[in-house]
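2 protein chains.
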Amino acid sequence: MLPGPTNVPDRVAQAMLKPIINHRSEGFHSLLKPIIAKAKVVFETQADIAVLTCSGTGGVETAVMNVVRPGDDVLVPVFGEFSQRLADSIDQVGGHAIRVAAPIGDAPSPDLLEDAARKAPRLKAVFVVYNDTSPGTTYRWMKEASDVAKAHGAFCISDAVSILGGDELPQDKWGIDMVVTASQKCLAAPPGLALVSISEPLKKYVISNPPLSTYFNLAKYVEFNQKSETPFTPALPLFYALDEALSLVVEEGMDKRVARHRITAQAFYDSLSFVGLHPFVKEHVRSNVVVSVRYPEGMDDKAFRSTVEDSFGVVLAGGFGELKGKIFRIGNMGEVQRWHVLTTLNAIGGAMAAVGHVVDTGEMIKVAQERLRPLSG
Amino acid sequence: MLPGPTNVPDRVAQAMLKPIINHRSEGFHSLLKPIIAKAKVVFETQADIAVLTCSGTGGVETAVMNVVRPGDDVLVPVFGEFSQRLADSIDQVGGHAIRVAAPIGDAPSPDLLEDAARKAPRLKAVFVVYNDTSPGTTYRWMKEASDVAKAHGAFCISDAVSILGGDELPQDKWGIDMVVTASQKCLAAPPGLALVSISEPLKKYVISNPPLSTYFNLAKYVEFNQKSETPFTPALPLFYALDEALSLVVEEGMDKRVARHRITAQAFYDSLSFVGLHPFVKEHVRSNVVVSVRYPEGMDDKAFRSTVEDSFGVVLAGGFGELKGKIFRIGNMGEVQRWHVLTTLNAIGGAMAAVGHVVDTGEMIKVAQERLRPLSG
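Residue numbers (the numbering used here), protein chains in the order written: chain A, 1364 to 1740; chain B, 1364 to 1740.
A hint or two may mislead.
For identical chains, the list gives no copy identity; a pair is met inside one copy or between any two copies.
Heads up, simulated DSS-like pairs for lysine-lysine below, C-alpha to C-alpha not over 30 Å straight-line [stated by the list, open to error]:
1) Lys1401 / Lys1381
2) Lys1583 / Lys1687
3) Lys1590 / Lys1567
4) Lys1689 / Lys1590
5) Lys1689 / Lys1567
6) Lys1590 / Lys1645
7) Lys1645 / Lys1396
8) Lys1396 / Lys1381
9) Lys1689 / Lys1403
10) Lys1689 / Lys1619
11) Lys1513 / Lys1381
12) Lys1567 / Lys1645
No wet-lab data here; the hints were simulated from the structure.
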């Protein structure tokens, strides 16, 4: 139950065994074409989508490299480790990241973004980490951030690496120019691919302002997309797997899928709170895909997490940076179903007891079952 | 029989089905450690080796980005499409590529490199495409190129994307600072991973001169290698497959593997020449991993290659750029065995006849069988 890479359904894994074909052939065209068509359904966009062989970090770097030029002002809400890193990477390519920060466990309101935008003379983009997995916080004003960008003639970019497919992000409806995600989080495919969408206005910019990197040059991906090819040799088995994983998402339907994540997240938050294991993040910005929980006073992170893994077979993540030892995190991503929630809660209860902090597991499960009622199976 | 991606042995493909594990866990450590140990055997080096989730082009870009800084002189032997592109990519990052060219089908001698090096005041590196797949030419003076680099206080880099594991390239013995390869060529793993080795002197440079790119920053890979991790989420199924593919190489032994490629290449060259289908490349720089053959006068490339594929089930590559329509190319890579050669030759004979150019297939096969005698099976 890590916050990615997530478990890969058997049907997705088996797809990797399809034959190695020439990526300049009709066979590959008829693989990439439906991948992009289905990705557009998931992104809720008409925009073009590039599929790159690299990690999510590579995808975010692609966004930074293609959009930010030396001297550009870029507004970044900072509310966790990953949004901090994003701001740093903007500075690294010569951009000027304007950090609008909030205390950890909360997120900066869009009013603060608007204030900062007014003071930024060369605002190129508003770049938002939609879900920062380090505290487990979702930026709930993605649409408002996009409005701020538009009002100031800037692009709006959403780093949705850890969340797309697990919560709502209607790109076109919200007016977002670029959404970045990765295969191994809420899409439940194996790691190794990044997907980057590019709106028409941003496409024009990208084509006439190529970055230093050839591999991350989106203009090339856009160009090759026209013939359903990638500019560089694709990681073919991962494309087969992504194709299958996207089919699963489309078959379930985005609305149902987002609702499922909401229900399982609520089941975690409510049941754990009920027995005194409190969510770390403020309610209005809590993530539905990464559930972070404060440790009870004095509990040893390592002892708890190794017990929950070794004795109960559930892998949980610890805290990151300043949150190390203070929280544990549950990935609530991808194929997570009713039984994942109940098994995980039961394991947490068992491990807590084993390390000397008894919680009422029965009551916890009861609350969760109540919340999970809308889900079948 | 394409010059990559090559066929993947079943044992390698099946390895991709192993479970998705946390890449920050002991389980991943005990996967990456033997991968790097076996890669060192294949590279014949004590140098550190980074494994990146990207294509071979990404690997070469990594080399360029980590070594070349604006204003640096870099010597590049140019003898085909890929060496030309390499020179262009050096210019693109602000370097100054000094192109030492030869007519297509030949390669520039090391004397010419030495002359050019003498005139280059800020020589940072000699960067050689060891095997340019577009004409099917191998730079047979890789060692001499390295000597030129050393004599001028420069690094020697070898782009061995299409050849490592199929011909000799003893990195340490030849004094090469960096070798770049990819998973899907002579290593016969699926596409999606690049391997980049870094000598101790180059490592020092790389650590103190980070590139603009974070994803391609080799200092990070070197740092994470110490704990047997990758800095960014690895394409796990491809790592499982690479592990298996490297085991196959090590089990066969590099000497035997290189000898096998030599024998199968010689069988192709000699048998095809015997019936008047002449190699395109001059004998002294012919590749053992990409066999390029001149078309007989008037033969239609598309008709021939579609016949050989549709009627005889063998996929061949055409020519590239200025060689389009003039040559066809056979990938002689990875798991190529006696029967691949004979089946391919038979298919070529059949297809030639079908498009109106009759060759003596029987004689061709006889010559090949003779050359293939040292191989069992």
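Hint-by-hint comparison with the structure:
1. Proximity of Lys1401 to Lys1381 under the C-alpha cut-off of 30 Å is found in both arrangements, the shortest distances being 20 Å within a copy and 27 Å between copies.
2. Taking CA atoms no more than 30 Å apart as the test, Lys1583 paired with Lys1687 passes between copies only; the shortest distance there is 22 Å, against 41 Å inside one copy.
3. Only within a single protomer do Lys1590 and Lys1567 lie at most 30 Å apart by alpha-carbon distance; the minimum there is 19 Å, versus 43 Å between protomers.
4. When the C-alpha separation of Lys1689 and Lys1590 is checked against a cutoff of 30 Å, the pair qualifies only between copies, where the shortest distance is 25 Å, while the shortest distance within a copy is 50 Å.
5. Taking CA atoms no more than 30 Å apart as the test, Lys1689 paired with Lys1567 passes in neither setting, with 46 Å inside one copy and 37 Å between copies.
6. Neither within a single protomer nor between protomers do Lys1590 and Lys1645 lie at most 30 Å apart by alpha-carbon distance, with minima of 47 Å and 35 Å respectively.
7. Within a single copy, Lys1645 and Lys1396 get their C-alpha atoms no closer than 41 Å, and across copies no closer than 41 Å, so neither meets the 30 Å cut-off.
8. Proximity of Lys1396 to Lys1381 under the C-alpha cut-off of 30 Å is found in both arrangements, the shortest distances being 17 Å within a copy and 28 Å between copies.
9. In the homo-oligomer, the alpha carbons of Lys1689 and Lys1403 never lie at most 30 Å apart, since the shortest distance is 39 Å inside one protomer and 41 Å across protomers.
10. Proximity of Lys1689 and Lys1619 under a CA criterion of 30 Å is satisfied in neither setting, with 33 Å inside one chain copy and 56 Å between copies.
11. In this assembly of identical chains, the alpha carbons of Lys1513 and Lys1381 never lie at most 30 Å apart, being 44 Å within a copy and 46 Å across copies at closest.
12. In the homo-oligomer, the alpha carbons of Lys1567 and Lys1645 never lie at most 30 Å apart, since the shortest distance is 39 Å inside one protomer and 46 Å across protomers.
In this structure, the earlier hints numbered 5, 6, 7, 9, 10, 11 and 12 are contradicted, and the remaining ones agree with it.
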